[in-house]
Structures are given as structure tokens and as C-alpha cells.
Amino acid sequence: MSKKPAPQPALHKVIMVGSGGVGKSALTLQFMYDEFVEDYEPTKADSYRKKVVLDGEEVQIDILDTAGQEDYAAIRDNYFRSGEGFLCVFSITEEESFQATQDFREQILRVKNDENIPFLLVGNKGDLDEKRKVTLAEAQGRAQDWGVPYVETSAKTRENVDKVFFDLMREIRSRKMEDNKMSNGRGKDRCKRKKLKCTIL
Amino acid sequence: MPPPVVTGISPKEGPPGTRVTIRGEFLGNKQSDIIGVSICGCDCLLSAEWKSPNKIIARSGPGKGRGDIIITTLTGGTGTSTVQFRGYHEAVGPLKESAVWVEEVQSIGWGSTKSIQLDDPLGLSLEANENKFPEDDLQEMFPGCNGDLSSENFSPCWFLLQNHSNSSFDDLRAGLAFLRRKVDSHQEGQLSFLKGNVSAVMEQLEVLEALQVAFQKDVESFGLDRTEKIVEAIKECRNEGKMLFDGVLKGREKADRTRNALGVLHRFKFLFTLPTAIQRKSDYDAIISDYSRAQNLFGKTEVKLFKDVLTEVRLKVAEIKEELKKKLHTMPSSLDNQKKIIRNLVQLEYEGDPGWEGITVRMNFIMEQLNACHSFYSEQIASVKPKSGKRDKNSQDKQAAINCRVECIEDLCDIISILIPDLWSLGQSYFSGELSTKFDQNKLDEFKAGVENCLKEMCRLVREVAGKGLTGSWPNCLQVVRAVLVALKHIPHDTILALVQFFRIECVKNILLTTAEQTKRLVDKEDWVLIHDSTHGTITHLPSLFEKLFNDSLSILKESALKLGPKEAELFSNPAMKSEVNEHAHAIFNNYIQCLDTLSDINDDEQSMSVSQLAFPTFRTSLSHTLNWEDRVLACISNCRYSCEVTVPRMEKTWNEAELPSLDLSKPTSDLRSLKSRLTACYIENRTDPLVGTVEPSMYIGQFEWEADFTPVGVRPYANEIIANVLVVHAQVERRCGWLKEEVLTEVVETVAEELSRLMLCVSHMSRAGAIQATLDITAVEHALAKYTTTQARNFFSEALDAIPALDEESKKTVDKLLAEYKKKMYMQLLPFEAKSNS
Numbered sequence: 001m002s003k004k005p006a007p008q009p010a011l012h013k014v015i016m017v018g019s020g021g022v023g024k025s026a027l028t029l030q031f032m033y034d035e036f037v038e039d040y041e042p043t044k045a046d047s048y049r050k051k052v053v054l055d056g057e058e059v060q061i062d063i064l065d066t067a068g069q070e071d072y073a074a075i076r077d078n079y080f081r082s083g084e085g086f087l088c089v090f091s092i093t094e095e096e097s098f099q100a101t102q103d104f105r106e107q108i109l110r111v112k113n114d115e116n117i118p119f120l121l122v123g124n125k126g127d128l129d130e131k132r133k134v135t136l137a138e139a140q141g142r143a144q145d146w147g148v149p150y151v152e153t154s155a156k157t158r159e160n161v162d163k164v165f166f167d168l169m170r171e172i173r174s175r176k177m178e179d180n181k182m183s184n185g186r187g188k189d190r191c192k193r194k195k196l197k198c199t200i201l
Numbered sequence: 001m002p003p004p005v006v007t008g009i010s011p012k013e014g015p016p017g018t019r020v021t022i023r024g025e026f027l028g029n030k031q032s033d034i035i036g037v038s039i040c041g042c043d044c045l046l047s048a049e050w051k052s053p054n055k056i057i058a059r060s061g062p063g064k065g066r067g068d069i070i071i072t073t074l075t076g077g078t079g080t081s082t083v084q085f086r087g088y089h090e091a092v093g094p095l096k097e098s099a100v101w102v103e104e105v106q107s108i109g110w111g112s113t114k115s116i117q118l119d120d121p122l123g124l125s126l127e128a129n130e131n132k133f134p135e136d137d138l139q140e141m142f143p144g145c146n147g148d149l150s151s152e153n154f155s156p157c158w159f160l161l162q163n164h165s166n167s168s169f170d171d172l173r174a175g176l177a178f179l180r181r182k183v184d185s186h187q188e189g190q191l192s193f194l195k196g197n198v199s200a201v202m203e204q205l206e207v208l209e210a211l212q213v214a215f216q217k218d219v220e221s222f223g224l225d226r227t228e229k230i231v232e233a234i235k236e237c238r239n240e241g242k243m244l245f246d247g248v249l250k251g252r253e254k255a256d257r258t259r260n261a262l263g264v265l266h267r268f269k270f271l272f273t274l275p276t277a278i279q280r281k282s283d284y285d286a287i288i289s290d291y292s293r294a295q296n297l298f299g300k301t302e303v304k305l306f307k308d309v310l311t312e313v314r315l316k317v318a319e320i321k322e323e324l325k326k327k328l329h330t331m332p333s334s335l336d337n338q339k340k341i342i343r344n345l346v347q348l349e350y351e352g353d354p355g356w357e358g359i360t361v362r363m364n365f366i367m368e369q370l371n372a373c374h375s376f377y378s379e380q381i382a383s384v385k386p387k388s389g390k391r392d393k394n395s396q397d398k399q400a401a402i403n404c405r406v407e408c409i410e411d412l413c414d415i416i417s418i419l420i421p422d423l424w425s426l427g428q429s430y431f432s433g434e435l436s437t438k439f440d441q442n443k444l445d446e447f448k449a450g451v452e453n454c455l456k457e458m459c460r461l462v463r464e465v466a467g468k469g470l471t472g473s474w475p476n477c478l479q480v481v482r483a484v485l486v487a488l489k490h491i492p493h494d495t496i497l498a499l500v501q502f503f504r505i506e507c508v509k510n511i512l513l514t515t516a517e518q519t520k521r522l523v524d525k526e527d528w529v530l531i532h533d534s535t536h537g538t539i540t541h542l543p544s545l546f547e548k549l550f551n552d553s554l555s556i557l558k559e560s561a562l563k564l565g566p567k568e569a570e571l572f573s574n575p576a577m578k579s580e581v582n583e584h585a586h587a588i589f590n591n592y593i594q595c596l597d598t599l600s601d602i603n604d605d606e607q608s609m610s611v612s613q614l615a616f617p618t619f620r621t622s623l624s625h626t627l628n629w630e631d632r633v634l635a636c637i638s639n640c641r642y643s644c645e646v647t648v649p650r651m652e653k654t655w656n657e658a659e660l661p662s663l664d665l666s667k668p669t670s671d672l673r674s675l676k677s678r679l680t681a682c683y684i685e686n687r688t689d690p691l692v693g694t695v696e697p698s699m700y701i702g703q704f705e706w707e708a709d710f711t712p713v714g715v716r717p718y719a720n721e722i723i724a725n726v727l728v729v730h731a732q733v734e735r736r737c738g739w740l741k742e743e744v745l746t747e748v749v750e751t752v753a754e755e756l757s758r759l760m761l762c763v764s765h766m767s768r769a770g771a772i773q774a775t776l777d778i779t780a781v782e783h784a785l786a787k788y789t790t791t792q793a794r795n796f797f798s799e800a801l802d803a804i805p806a807l808d809e810e811s812k813k814t815v816d817k818l819l820a821e822y823k824k825k826m827y828m829q830l831l832p833f834e835a836k837s838n839s
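Here the protein sequences line up with chains A and B, keeping their order. Per UniProt numbering, the very first residue in the first sequence carries number 1; after that it's consecutive. Per UniProt numbering, the very first residue in the second sequence carries number 1; after that it's consecutive.
Keep in mind the hints are simulated off the structure, nothing from the lab. One should not assume that every hint holds.
[As the list claims (entries may be wrong)] Okay, the calculated bits of chain A under chain B, using three or more residues with CB under 8 Å as the criterion: (1) 41-48; (2) 118-129.
[Said to hold, decoys possible] Computed Cβ-Cβ distance ranges for the label pairs, DEER-style: (3) A:Arg-81 to B:Asn-153: 22 to 32 Å; (4) A:Asp-129 to B:Leu-172: 50 to 60 Å; (5) B:Asn-153 to A:Phe-166: 38 to 48 Å; (6) B:Asp-170 to A:Glu-41: 38 to 48 Å; (7) A:Asp-129 to B:Asp-170: 50 to 60 Å; (8) A:Met-177 to B:Leu-172: 34 to 44 Å; (9) B:Thr-78 to A:Asp-129: 43 to 53 Å.
Every value quoted in this text rests on a predicted model; they were computed, and no experiment measured them. Glycine is no exception: its CB is placed at the ideal position from the N, C-alpha and C atoms.
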């Protein structure tokens, strides 16, 4: 798959992670097609890609919507490898989904082997505030621990939906630019990172 | 519309048949817009389900690997895809759940399945499949390479990533050492190989030596060629084995044969049970089918057993044939039954033509039935007749005979309408080949003639019976015959049609005749109850009775004979028939007129007249009638007029409405008129004669003489009597039939005047007083009867007055005086005459 037509806009690969039923697909579909899907149908692995304008520049976003269910935990590694940025979603109405974010974070770090991978902690179902189980402070505390932003969204009302995707893309973009600089300027840093990987293993 | 763009796929990979939700833009506006759906190069249009312009659901095809999702719409053309679907084929192993059935044989052969790979060249254990590095990533990293050890494009990195991405560095190092050792061992020479395996080589040498020793020992004891012995032993073994197995095989063969034989016997069991089944005669159809089966199977058999049984069966079948034939010839039997028998006979290869036989039997049966029925009823009628010894019983017997005849006709019709359709349908079955017989086309005419004969015979018998008279039962019988017509709707029935026509004609004639008869008998029905009619005077019930009788008859006619059934011809197309009907109608009217005539009694003896002579109207005769003669005559006259003016025209209308040939009733009307005038004349005569007869005696009563000299003091009694008598007649006529008054009274007055003039002319001498008296009397009478005095009467009166000697002035005065007195005195008596002008 190495066809490379010259003027291809930059491609940012985003991966949706999180427990089953927290609204990963809902967020994705809301972002992609402005529609809110009410009926729940567990996802296996869905792929979406479209052109968006990010800060005046046309880019392509590729969203991999993964399965939240534990049944698919084994194949996640493979998916995570290809991701450039992660939206780690939980439902503010479900405590367990919030706890599970910890595991997802760890798995991503293990696979990507990069502490600074673009990552957003997303508390979905913001419209169901009356059923809230995870306090804002709790979530923000965890995000702070990890050094990532925390955003509360609602796939139903589309609140902050565009924001999370665009924020993540910006991070990915700046990350890529940084990488380019490094590889162009000092190839050593790159090697250093690889060495680092070896020591962890 | 722009070309469709697929931007989303859910899920993005799966085995063939995965339900895939395709999302994007411009995916068509309705199901029929989509004209192409291709996933990984596989056409999936058939399974595509359009949901919205952004969403289509389809099932993936058997494509393998990554591929675009291309949607083609009617308006947008072929589209593009930003996402890709990966199809893969799941290898079904023995421990994997599968939706399809996996042949076990395959999975048992562990070694042959591809899933088990060769030993790892690094000597390391294989990683679990789940942690495999994604193939497409590898392809991206190492284009044009693969991880197959035997491939030219083998890439060690690929191989390591694919198989050992999770192995630790130490393991890999150990693996490298292992590989190196293996390679080194290949490179060292044969010597080193021997060195490495000294002990094994030595062991082999020792074994070889031991073998040689043993072999030489054998040569010593058994000779050089040991194969001979072995061959012999083998031969022996073979013979032994053969012997052993021969017994077994033979036994088996025998058992097989027996089983075969049993099977055959079982299969043909029915043949052996056939004779008993035939004996029981339960179900012919079953027997016949078994028989034909047996014929087919064993007809040419050489097996004695079968032959014997078959002959027995044939004998029995012959019996059955006989029996069936007998049954066929037995009537009555239902149509279905007969058809079945015929079919059975045909199946049994009956010699002859059972179908035709059945038809003949049926035809004969019908004939027999008809004749039997006829003779039965003939006897009945005959047995009724001899009893009629006495006169009064005669009519009863007659009625009984008629009833018998009607029943006979009904039965004959029943026979035809029940049996002929059966016969016809049997014939149709026969000639259409439905009875599976070969039929003779020539017999078709014969059959038709036969049916026709049956019908003709029936008609003949019916006509014969009916010819003896049915009187009032004609309409009934007509109905019955018509029912036959309906029953034979599908069968040529001209004969019956003719019969119906005959019946209709007879019916018309008969009813008219009967009506005439009944009209005659109306005489007895007259009850002389008087009904006052303002225009026609007092009438009786007779006219209305007659009208009712007539109308009843007509309505019966309308319902029976005149109603046109299907295919029935117009009745009165024949002019002879028309005139006959007219004659009958006239007969009815003549009878009526005669009836009226008889009732009026005018031709009767004079007894009644003498009784009512000058009697008061209240006088009652001792005759059977409650009315006296005059009243009856007057009633008859009224009846005549009423009939003439009201009833007859009404009846004429009814008649013509009944679609009978138009009737000219002028003759009956004129007859009625003449009867009326005859009766009137008679009445007048009878009333006038006594009246006039009394004038002369009364005039000369008490030796009265015109010559005598006396003083006239008033009108003499005889004149008063004349007036009184005329008044009586007037009263009677006025009461009974006012319209006749004028005619009767003028006649009476004329006669009276004539009589008076005759009497006056007879007087030879008349004194002065006599003259005064006579003038007074006559003038008084003339005055009193002035209203009804015709010119002729007036002439008579003046003749009478002329006969009286002329009066002097004084006498005239006397007369005028007395007349004035008289007028005053008689005012009340004369009022009725005055009343005429008022009425």
C-alpha cells in the first residue's frame, strides 16, 4: 500500500479507544456525518477517513473506531501500532469505564513506547449530567497525572465533538513537525529513542 | 449529482459475508439509484441495502486482502473510496468454532494441514497466532518481500517480525547460535561425521556379522533354496483356506438364494392372495388392478407355481366376469355403479361391448318401467270403474279415475326425468370413450334413436292416458310435463316439447270448457241477495260471480298454458286454434246468458204470475225463492244491463290482457241486450195484462150503466183503481230499477189508454150524467198519468173523450169543478209521478 500520489494532503491517524458502550462510534459518526445513532451495535473495527480543513490547511483524518469489548483486547495491539493519536473515551455516567482508561493508557504506552504520544482523555455523555458518576475533578486529576488534556463531550448534542478531534489533530501535526525537525537536524535523537525502547523491553 | 464517495466502513475487515455498513456522501437517493457496489473487487450489489444518501448496508464478497469500496450510482457514476476493507478467510481448525460443517477427516490429519508449520529454523517455539504482526504493515515496510523461507524474495526481517516479534533478545541470540551450529555441521566432511558416530557404526557392523552367521546356519540345515519350502507352505495354506472358506461361502450363497426366493414370494404375495380376495369379492377395483398386474408379470411366465396360480385366478376372474355381467343386466342400479361395472368389465377384457350392453339394458329398463307404470295405473283405473253402479257415485268415481290418471302421468314423467338423464350421460361417457371401451360410431345413431324411442313411448303413453280426460288437472299435468323438459335440458327433447304444446292446447281448451260448464251451474248459485246499484238498479251476485269465475280461469290459464317456457312456441299461431278458443269463449258467454234466462223464469209455468196477480209488492209467494216473480225478473233485467255495460267489457279487457287471441264480444253483448228487452217486454206484458183486465169489470161493477141518470159526485172507483195499479207498478219499478221506469210506465199507460178508449167506444148510449162522469173519469186518469203519456196514449185518450157525447157548458163546469176537487184530493197519491221529474 505504498501508492503515493504527489499532492496527497497530510494524513492523521486517530484511534478511538475506551470501554464498550461509552460512545466512541457515536462520537465518530457525529464528527463524520453529523448524525447521532441511538441504537447500540457493538463495533468490531470501523474505519473512516475524510478531508478536513485544519487551521486553513487541508488534511485527511483517518479514524479507526475500535471495539471496546474485552473480547477484542488481543487484537488491539495491532491496531494501536498504526495510530498516531488517541482519543481515550469514557462515559461520565459509568465509573468502570473511567477506571478502564487506566488500562488503555498503559497498553497504548506499551505498544507505542512513547510517553508523549498525542492523547486526549474524553468524558462523553456530557448531556446526561444528572446521571454523572465521575466528577469533573476526578477526571481532570487523572488527566493531569498523565499530562494530557481532559475534555467533556456529548455525542448527542455535538458539544465539543469537533474540538476533541481537531485538538488531537493539532497535537499530531505538531508532533510530526517536531519529529521531522529531529530527523532532518539531528538523527541521533531518533536513535536515542530507539535505544530507549530497547532498554524498556 | 457528484460521484459517490465512501468515507466510512464498519467493520473494516471480516471474512466473506460480513455485514458491512458503508458510509459516505452522495450514495444515491433511493435503492434503485445504486447500480453497483463493489467491495475488494467483488460485486455486492445484490446484498446492498440503501438506507440513506449517507449509508448503505451490504455483505462482503469472497474478495481477499485490502480493497476499495466502490459505489456506482445512476446519477453520480462510479465513485471513490477513502477507506478500505480487508477480506480474509478464516482457517477453520479443530478447536475453532465455525458456522460451517468441517469434514473431520481433514482435521485429523494434523501433519497435512497448512496451519502446522515446519520446525522453526531458529529452534525457538512459535508465538501465539494472536500476537502476529499485521501483514499489511509488513508489506508496507518491506515491499515485494515475504517471510516464506523457500521464497526467492525471502526477507529475514519480515520473517523475524512475523514469527518472533515478541521473542526476547536472548532467545534470538540463542536461536542465532543454533542456526550457526546447524550450518557448521553441514560444512564439516564425512570423516567428522563418522567420528561423531563411531559407536553407531560399530554397532551396525556387529549386527551385520550376526546376520551372516545366522544365515549360514540356515543354509546348512535347510539347503540353499529355501523359497521352495515357503512356496509349498503358502500353497498348502491357500488350499486350507479355500476349503475353510468354501463351506462358509456356500452356506452364504444358499442363504442368499433363500432370501431372494422369499423376497420374490413376498413381492408377489398378492398373486397368491388373489384367489381368496376374489372369493371374498370385496373390492372389484383392487382385484382388477391386482389381476392386471399379475397378468403383466406372469402372463408369460414359465414357472409352474405361478402358472398354476394364474389359471386358478383366471377361472375365478371368469366367474367374476359372469357376475359382473349379471349385475350389469340388473336394473335398477345407479349410474356410477353401472359405469364402474362397465369399467371393471373392460379391464377384465370382457368379450363384447359392456358399455353398449349397459346402454341397451338401461333403455329396455326405461321402456319396461314406462309400460309397467302404465299398466299398473290402467288396472287401478279399471278397478275404480266397475264400482260405479249408482248414479250419485259416478262423479266421485270419475274424480278418482282422473286422480289415477294424473298420478300415472306424474309417474311416467318421473321415470323419464330420472332415468333418461342417466341414460344420456352413460351414452355420452360411452361415446366419448370415457368408459375406456372401443365404441362403435355407428351406434351413435342407434343410441339417439333409442333415447328418442323412450321419449316417444313416454309421450304416447302420456297422451293415451291424458286422452281419457283430465278435466281440472290439466294445469297440474302441464307443470309435471314441463318439469320433464327442464330435467332433459341437455338432451334432445323435441318430442317432449311437442307433448308440452299438446298439453298446453288441451289445457286451454279444457279450462275454457270447464269454465263454460261452471257458468252453466251458476244457476244454482244464485242466492237472490239484492244489491242496490245507483245506475243499474238492483242487481244480484250473479254477474260478479260470473266475472270471478271467468277471471279465475284466466289466471289459471295465465299461470299454466299461457306462460311461455323456454323454447316453447306461441300457442295461437294456428288460426284453427284461435277460432276454437273463440268458440269456447263464446260458449261461456252463451251459457251465462242462458243462465240469466233460466233464472228469470219467464218461460216457467204461470203459477207464479197468478199468485202475484195485482198483488201488493209486499206479498210473498210460497215458492222456493224469497223474491216474487216480478222482483226476480227486474233483478235479471238489471243483471243483464249490468253485465252488458260493466262486466263484459271488463272481462274482455282481462281476456285480451291474458294474450289470448282477441275476442269479439259484440255478439254476447247484443244477446244480452235482446235478452234484456225480451225480459222487459215480458215483464210489461205480465204487469199490464191483469191491470187492463180489471178495468172493464171495475167500470161496470154494481150494475153501473152509462145510460142511467145520476148525479156525478166524483171520479169513479175504477179510475182510481187504474191509477192505484199504475202506482203499484211504478213503485215496484222505481224501487228495483229506476232506469226502466219510463219504458215500463209509458207502455202501461199506453195500454190503459187504449183499453179506456176501447171501452168508451163500446158504450152505445150515455146519459148526460154518464157523459159527465166519463169525461171526468178519463180526464182524471189522463191527468194523473200525464207524465208517462206518449203521443199514442194521448191519441187513445182523445179517442175515448171523443166517444163521449159532447157536454153542454153546465156539464163542463160540473166536470171542471169535480176535477179540481179530485186533484186536490189526490194530490198525495199523485206525488210519486211528480217525483220522476225531480229524480
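How the hints compare with the structure:
1. Remark: the segment 41-48 of chain A is confirmed as covered by chain B, as 6 of its residues place a Cβ nearer than 8 Å to a Cβ of that chain, reaching the required three.
2. As drawn, the segment 118-129 of chain A meets chain B at 0 residues by the rule of a beta-carbon pair under 8 Å; below three, the given contact is violated.
3. Against the hinted window of 22 to 32 Å, the Cβ-Cβ separation of Arg-81 (chain A) and Asn-153 (chain B) comes to about 24 Å, which satisfies the hint.
4. Here the CB-CB span from Asp-129 (chain A) to Leu-172 (chain B) is close to 54 Å, well matched to the stated 50 to 60 Å.
5. Between Asn-153 (chain B) and Phe-166 (chain A), the C-beta spacing of about 43 Å keeps the proposed range 38 to 48 Å intact.
6. Distance hint for Asp-170 (chain B) and Glu-41 (chain A): a CB-CB separation of about 46 Å, consistent with the stated range 38 to 48 Å.
7. Between Asp-129 (chain A) and Asp-170 (chain B), the C-beta spacing of about 54 Å keeps the proposed range 50 to 60 Å intact.
8. Between Met-177 (chain A) and Leu-172 (chain B) the beta carbon distance is about 35 Å. The supplied range of 34 to 44 Å therefore holds.
9. Between Thr-78 (chain B) and Asp-129 (chain A), the C-beta spacing of about 47 Å keeps the proposed range 43 to 53 Å intact.
Checked against the numbered hints listed earlier, the structure breaks hint 2 alone; every other hint is satisfied.
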